[in-house]
Amino acid sequence: MNTVSATSFLASKKLTLSDPDWVRYALIGLSLSIIGLFLILPLLTVLIEAFAKGWTAYSASLTHPDALAAMRLTLLVAVVTVPLTTMFGVSAAWAIARFDFRGKSLLITLIDLPFSVSPVIAGLVYVLIFGAQGWLGPWFSAHDIKIIFAVPGIILATLFVTFPFVARELIPLMQEIGHEEEEAALSLGASGWQTFFKVTMPNVKWGLLNGVLLCNARAMGEFGAVSVVSGHIRGLTNTLPLHVEVSYNEYDFVGSFAGASVLAALAVVTLVFKTVLEWKQNQELKATRQAVE
Amino acid sequence: MSISVNHISKHFGAFTALDNISLDIPEGELVALLGPSGCGKTTLLRIIAGLEQADQGDVFLKGDKVTDKPVKSRQIGFVFQHYALFRHMTVFDNVAFGLKVKPRRERLSNEVIAKKVHALLELVQLDWLHDRYPDQLSGGQRQRIALARALAVEPSVLLLDEPFGALDASVRKDLRQWLRNLHHDLNVTSIFVTHDQEEAMEVASQVVVLNHGRIEQQGAPGDIYDHPANAFVSRFIGQTNVFDLDEHDADWLQTAGLSTAQQKGKIAHVRPHDIVIEKSTAGTDTFVTLKDWQHLGSLIRIELVKSGANGQVASVYAEMPNDQFRRLQLNRGDKVELRIRHAHWFH
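Here the protein sequences come in this chain order: L and Y. Residues in the first sequence are numbered from 2 upward in steps of one, following our numbering. Residues in the second sequence are numbered from 963 upward in steps of one, following our numbering.
Among these hints, one or two may not hold up.
In silico contact screen, one side only, chain Y against chain L (beta carbon under 8 angstroms); selected entries [unchecked claim]:
{"#": "1", "residue": "L1013"}
{"#": "2", "residue": "G1025"}
{"#": "3", "residue": "K1034"}
{"#": "4", "residue": "F1042"}
{"#": "5", "residue": "H1044"}
{"#": "6", "residue": "F1048"}
{"#": "7", "residue": "R1049"}
{"#": "8", "residue": "F1054"}
{"#": "9", "residue": "G1060"}
{"#": "10", "residue": "K1064"}
{"#": "11", "residue": "R1111"}
{"#": "12", "residue": "V1115"}
{"#": "13", "residue": "S1118"}
Rather than coming from a laboratory, the hints here were simulated on the basis of the structure. Glycine included, every Cβ here is placed at the ideal spot set by N, Cα and C.
Based on the sequences and whatever the hints tell you, model everything.
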């Protein structure tokens, strides 16, 4: 019985969704060749160029003090911005999903602003505010605080471009889940924090992790906004993406592509993590579904 | 009084959800807040729980003023309409939640908690499901787990928001009886919200009828049915036929045996079972014909058509036991005579 209904179901599905073979193969072929041409090939080129002068040159350029400084700075930026963005994202999502207030839709639009604005403008805005000729620049330099062409500026610019990642993931999720479970926790005597950590967090953890992962990838890879505020001071204000550019401009191709290979590896790691996350989430879903049947 | 609300008002923008409500509920009662949707019953329940703040008025639980207390310190058990079970926790952890979040010095040991949770799960007859997740339960099972979870913290009052609203008709019937028995055993003052008058009458010991943010009547189910305070309650609770004297029903009502001389209003409400049908004997004047009937189990619901003196046609509903109807041997289209045994008069 079962097999019969299954096959007839498949057959009917085939009928409604049947494109001619050549359409299918053309579409699949097109997608694969675009991915190969624009994604795989460049990645291979990065590796080929990085190892063009052999392993020693590769490792030497990666252990060069400037390269190490760039990696350290990139890590520092990520370590500072990711928690801040996460905190912002969680509180913004909380506010938007839980409360009704004037200007709520405006806030949602504003959260998206960094996505729609060119990162260069983001950097420029900070230069205009904190730069030597900016609004607050003179005050800061009078107090001997450097923001532009220094690490704080880089962090601020990175914060700007990574703002939406966590919030965007959480807002629809929290809106969908609603707040009945939280009300239930409160009615059972839980405090606000207990409710947050024991009820809210477990419900949104996959979305949150996903947002944090994407945010981290962007924080480490951001170029435009950081480029404007950094000043490209070798060993001091060069992040890894900037280090790649600077080396390239100085015809240090091995150094440049070696840096690029690290960034590429980072992207791969991010993708792997993301896949694992999705897989785990599916496993969890499947586990509960299966037990129902 | 176990639960008292004093002059509670609540507005949502221009909409008045509750209009100066005062209500006293004695210890141990099982009270139904009954009303059509939008009448403010859920809002009132949420205000008592502390999930919503009233614009005006005070809430007292066991004599303590709790108006400004947050929900977590009101010692209430709340059962949500859609259960709101914690989806990432097992049934056991759901029920244990309220015991585990207590401050350390009040918290019971894990063994005592486990014992208590299993006892509660046995009370709701679902201990065998203790390691399942809410997704794996049926609606009726979730409802009972939600109830066990609310009872775990030993609430001084139990509040239930449309407890049977999301269940199948057959499950609902069983759960109603079960809730009534459970309340009888535990004797914790309980309020439940419902829009289903049958449910309110069947389960509650006291019914509070709400409409447009006001209390229309409060009383035992029988009182409310037999002595509705006004036309709204009379229409809302059970079936009723409405006869308006301004529309020339007076003569007819008199021929049906209802004296309009001692009338206390202009509108008569007559319950279907207060109408007696007799087969029309030849020669008598009657304007009523039998149109159709439906079987309601032990009762027959009879649809009659009354044509008034000025050609108006109106439907009248009557009810009588099955065997009595069979004895009358009536067919569709037969002329019948009516006798009205009792009516409620309203202005």
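So, against the hints stated earlier in the document, which numbers end up violated here?
Numbers 2, 8, 13 - these are the hints that the structure violates, sorted from lowest upward.
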